[in-house]
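Please model the entire structure based on the sequences and the hints provided.
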Amino acid sequence: MHRVYISAINQREFLLSPEESRYLLKSLRLHVNDRIEVTDGKGTLAQAVILGTENFLVKIKILSTDSITPPHPYLHLAVAPTKNPDRFEWFIEKAVEIGVNEITPLVCEHSEKIKVNHERLSRIMIAALKQSQNVYLPKLNTITQYSNFIEQTDDVHQKLIAHCHGLKKVSLVAGLNNKQNTIILIGPEGDFSKNEIALAASHNYMSITLGNQRLRTETAALFSCAVFRALFS
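Every letter in the sequence shown is one number past the one before it in numbering that gives the first Met the number 0, and letter 24, counting from 1, is 23.
Among the hints, a few may not be true.
Said to hold, decoys possible - No farther apart than 20 Å at their CA atoms in a straight line, the calculated lysine to aspartate or glutamate pairs in the DMTMM-like style are these: (1) LYS114 to GLU88; (2) LYS112 to GLU92; (3) LYS138 to ASP33; (4) LYS82 to ASP39; (5) LYS41 to GLU118; (6) LYS129 to GLU188; (7) LYS82 to ASP190; (8) LYS193 to GLU96; (9) LYS114 to ASP153; (10) LYS112 to GLU96; (11) LYS129 to GLU92; (12) LYS129 to ASP39; (13) LYS58 to GLU88; (14) LYS58 to GLU92; (15) LYS41 to GLU96; (16) LYS138 to GLU111; (17) LYS114 to GLU101; (18) LYS58 to GLU12; (19) LYS41 to GLU111; (20) LYS82 to GLU118; (21) LYS112 to ASP153; (22) LYS129 to GLU36; (23) LYS114 to GLU92; (24) LYS178 to GLU150; (25) LYS25 to GLU53; (26) LYS129 to GLU96; (27) LYS82 to GLU188; (28) LYS82 to GLU108; (29) LYS138 to ASP154; (30) LYS41 to ASP85; (31) LYS58 to GLU18; (32) LYS114 to ASP33; (33) LYS93 to GLU108; (34) LYS129 to GLU101; (35) LYS138 to GLU88.
To be verified - Label-pair distances were calculated between CB atoms; the ranges are: (36) GLU12 to LYS167: 52 to 62 Å; (37) ARG122 to GLN151: 52 to 62 Å; (38) SER170 to ARG122: 14 to 24 Å; (39) HIS30 to ASN177: 48 to 58 Å.
Calculated from the structure, these hints are not laboratory results. Think of the CB as a built atom: it goes at the ideal place given N, C-alpha and C, for glycine as much as any other residue.
This is the structure we're talking about:
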C-alpha cells in the first residue's frame with residue numbers, strides 16, 4: 000500500500016502537504032476512497048482513506064493507528080560530508096533504508112566540505128523512509144565541529160572510530176559488543192588526523208578497521224550501517 004509522511008498524527012482528518020498531494024494525485028493517480036498508509040516517522044503507522052481535495056491539497060481521514068516498537072540497538076553515524084554532495088546524499092538515502100537512527104555531519108581537520116543542505120537532506124530522508132516502508136525517521140543533526148562532537152558523547156555505551164592509520168585496531172565486527180547503543184565515526188576523504196584519533200581515544204573511542212580495502216567515505220559509512228543492522232536486526 001502507498002505510504003505518505005505527516006510530521007504529527009494528532010487529529011482525525013488532515014490536509015496533506017503540497018509535495019505529498021502531488022505524489023498521490025500526479026505520480027500515483029489515486030482517487031477518492033483509495034486507501035493509503037500514513038507515518039509520522041516516530042513509530043506510528045496509520046491506515047487512512049482519501050476524502051477528496053481542497054485547493055489542490057489531498058484531504059485524508061485516519062481510520063486506525065498502530066505503534067511500532069523502535070529498532071534496538073541505536074546506531075548513530077557521525078560522518079564527514081564528501082566533497083561531492085551527491086555521494087553524501089546517496090549515503091543518507093541508503094542509510095535510512097537500512098536503518099540508521101541518527102546522523103551527524105562532521106567538520107574535521109581534513110574536511111573539504113564544511114556545509115550541507117540540511118533541508119534537502121531532510122527531504123531525501125523522508126523519501127527513503129516511505130520507500131523502505133520504515134516508520135522511524137532518523138534524527139539529522141546540524142553539521143558539527145569534530146572536537147565539539149567528541150566532547151558531547153561521553154555517556155554513550157559503545158564508541159568506535161574507523162580510520163586508516165597504522166595503529167592498533169580491531170575489526171568492525173569485533174568492536175561491536177553485544178546489543179549496545181553505538182556511535183561510529185567516519186572521516187573525510189583525507190581521513191582523520193592523528194590528533195583527532197588521539198582525542199577520540201581519550202574519550203574512550205575504540206579504533207576499528209573496515210577491512211583491507213581503502214573505502215570511500217560514503218562507502219565506509221554505509222558498510223558500517225549495513226554490518227551493524229545485519230548483526231543486530
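Hints that the structure is at odds with (numbers, increasing):
3, 4, 6, 8, 9, 10, 13, 14, 16, 19, 21, 24, 30, 32, 33, 37 and 38
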